[in-house]
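Visitor: Sequence lines, in order, name chains C and G. Numbering-wise, the first sequence is residues 1 to 223 according to the numbering used here. Numbering-wise, the second sequence is residues 1 to 223 according to the numbering used here.
Treat the hints with care, since some could be wrong.
Which copy is meant is left open, because identical chains are indistinguishable; a pair holds if it fits in one copy or across any two.
Claimed, not checked - In silico DSSO-like links for lysine-lysine, alpha-carbon gap of 27 Å or less:
(1) Lys55 - Lys145
(2) Lys2 - Lys55
(3) Lys45 - Lys69
(4) Lys145 - Lys2
(5) Lys58 - Lys45
(6) Lys69 - Lys174
(7) Lys145 - Lys45
These are computed hints drawn from the structure, not numbers from a lab.
There are 2 protein chains.
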Amino acid sequence: MKTIAVVCVSGGVDSCVSAAVAAQSHDPAFLHVNYGQRAETRELKCFRDIADFYKVEKRLVVELGWLGKIGGSSLTDKTQSVPEGRLGREGIPSTYVPFRNANILSAAVAWAETLGAQAVYLGAHEQDSSGYPDCRAGFFEAFGKAVGLGTRPESNIRIVTPVLAMSKAEVVRKGRELGAPLELTWSCYRDEHIACGRCDSCLLRLRAFAEAGIPDPIPYGKK
Amino acid sequence: MKTIAVVCVSGGVDSCVSAAVAAQSHDPAFLHVNYGQRAETRELKCFRDIADFYKVEKRLVVELGWLGKIGGSSLTDKTQSVPEGRLGREGIPSTYVPFRNANILSAAVAWAETLGAQAVYLGAHEQDSSGYPDCRAGFFEAFGKAVGLGTRPESNIRIVTPVLAMSKAEVVRKGRELGAPLELTWSCYRDEHIACGRCDSCLLRLRAFAEAGIPDPIPYGKK
Numbered sequence: 001m002k003t004i005a006v007v008c009v010s011g012g013v014d015s016c017v018s019a020a021v022a023a024q025s026h027d028p029a030f031l032h033v034n035y036g037q038r039a040e041t042r043e044l045k046c047f048r049d050i051a052d053f054y055k056v057e058k059r060l061v062v063e064l065g066w067l068g069k070i071g072g073s074s075l076t077d078k079t080q081s082v083p084e085g086r087l088g089r090e091g092i093p094s095t096y097v098p099f100r101n102a103n104i105l106s107a108a109v110a111w112a113e114t115l116g117a118q119a120v121y122l123g124a125h126e127q128d129s130s131g132y133p134d135c136r137a138g139f140f141e142a143f144g145k146a147v148g149l150g151t152r153p154e155s156n157i158r159i160v161t162p163v164l165a166m167s168k169a170e171v172v173r174k175g176r177e178l179g180a181p182l183e184l185t186w187s188c189y190r191d192e193h194i195a196c197g198r199c200d201s202c203l204l205r206l207r208a209f210a211e212a213g214i215p216d217p218i219p220y221g222k223k
Numbered sequence: 001m002k003t004i005a006v007v008c009v010s011g012g013v014d015s016c017v018s019a020a021v022a023a024q025s026h027d028p029a030f031l032h033v034n035y036g037q038r039a040e041t042r043e044l045k046c047f048r049d050i051a052d053f054y055k056v057e058k059r060l061v062v063e064l065g066w067l068g069k070i071g072g073s074s075l076t077d078k079t080q081s082v083p084e085g086r087l088g089r090e091g092i093p094s095t096y097v098p099f100r101n102a103n104i105l106s107a108a109v110a111w112a113e114t115l116g117a118q119a120v121y122l123g124a125h126e127q128d129s130s131g132y133p134d135c136r137a138g139f140f141e142a143f144g145k146a147v148g149l150g151t152r153p154e155s156n157i158r159i160v161t162p163v164l165a166m167s168k169a170e171v172v173r174k175g176r177e178l179g180a181p182l183e184l185t186w187s188c189y190r191d192e193h194i195a196c197g198r199c200d201s202c203l204l205r206l207r208a209f210a211e212a213g214i215p216d217p218i219p220y221g222k223k
């Protein structure tokens, strides 16, 4: 029998491919976090579609609405505009949500400990989000140590970030190789039916598919 | 002007005394977490009373109800009985909530980063909760490193656990010394008006006040 792994699934390409990697060697349990991100409704649909695709029975949606409400991010603050044409600029993007990945991982580890899971998968991606401090390898290493010390001795929960060091194009290729349902994913910052194709997140996605030489299977609005 | 510190205030003696320590050198911002603990309503009242005492303006109540719902703890699972007469037994108590302190600290750090706070205070207590893995000094040290790596470089948020290494009697004495409002605190596992005086948490508290030679200022029900 496969051991359980909790997979944090936002509904984007990175988490979908991480789920595909996890499913190779584990029985995946899917966790989704709502924190007031702009595309919350659309992401939740993708979470459910990808969970159905992998026939995942154990599902948990965690509400961290307060994380969006404390402010500090254009990803959750609807009075700030979505960044467009920012690719390549220096510094921490306005979409950074303070300590978000620690909050997501802490939730995932708590659930993992209850389920007796051996691992927590997170689709963080260092290169394309290099400005986010909680997307760096050093952070995950330190957090992993805190997990080892802060859970039951018999728990042994590993933090696994399978796409962390890949380029976005490599993530797309890996997804294709593993048969991940990329057509069910959502990257756009906007909470709509058709992706805008203009926000930074759409641009990163389009560039990645182009570099991978694989057609992006989702439709886009008028550019 | 004093720098801001986020203080995690459950409403018990340990967090009240930690708030008193924080208030000596910081402008305290109070955080309370609801996670479906049995005494949730009573604890929230204490949080507000202690915040009023210290004239705290910045207050945040974070709902982590899912943490109680995933199970695994008699502290949140009302089908399990509250432990009585367990003091001195070995192993991790049934009241352990998986990775609770990491979830509380992650929330506190996110808020601290938004506020520009320099520290997060948590009233964890190693000796009397030695069975909880997330109450050990090693866990807080590792978590502190993850905070340093996972937040903005300019944030510099320290994790401070002022009562961690004290005995419970020392915590009571420290509280008295600093004029902490111990009469506003609540320790009982039960969500009632008068503390039961029988559950493990009441017994620990009563023993601590007795050892400190200070009368416990709160009333107790018939024992």
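Visitor: Does each hint fit the structure? Answer for all of them.
Guide: Right, here's what the structure says about each hint:
no.	hint	verdict
1	Lys55 - Lys145	neither (32 Å within a copy, 37 Å between copies)
2	Lys2 - Lys55	within (15 Å within a copy, 54 Å between copies)
3	Lys45 - Lys69	both (22 Å within a copy, 23 Å between copies)
4	Lys145 - Lys2	within (24 Å within a copy, 33 Å between copies)
5	Lys58 - Lys45	within (16 Å within a copy, 35 Å between copies)
6	Lys69 - Lys174	neither (35 Å within a copy, 35 Å between copies)
7	Lys145 - Lys45	neither (33 Å within a copy, 35 Å between copies)
The structure does not agree with the numbered hints 1, 6, 7 stated previously, though it agrees with the rest.
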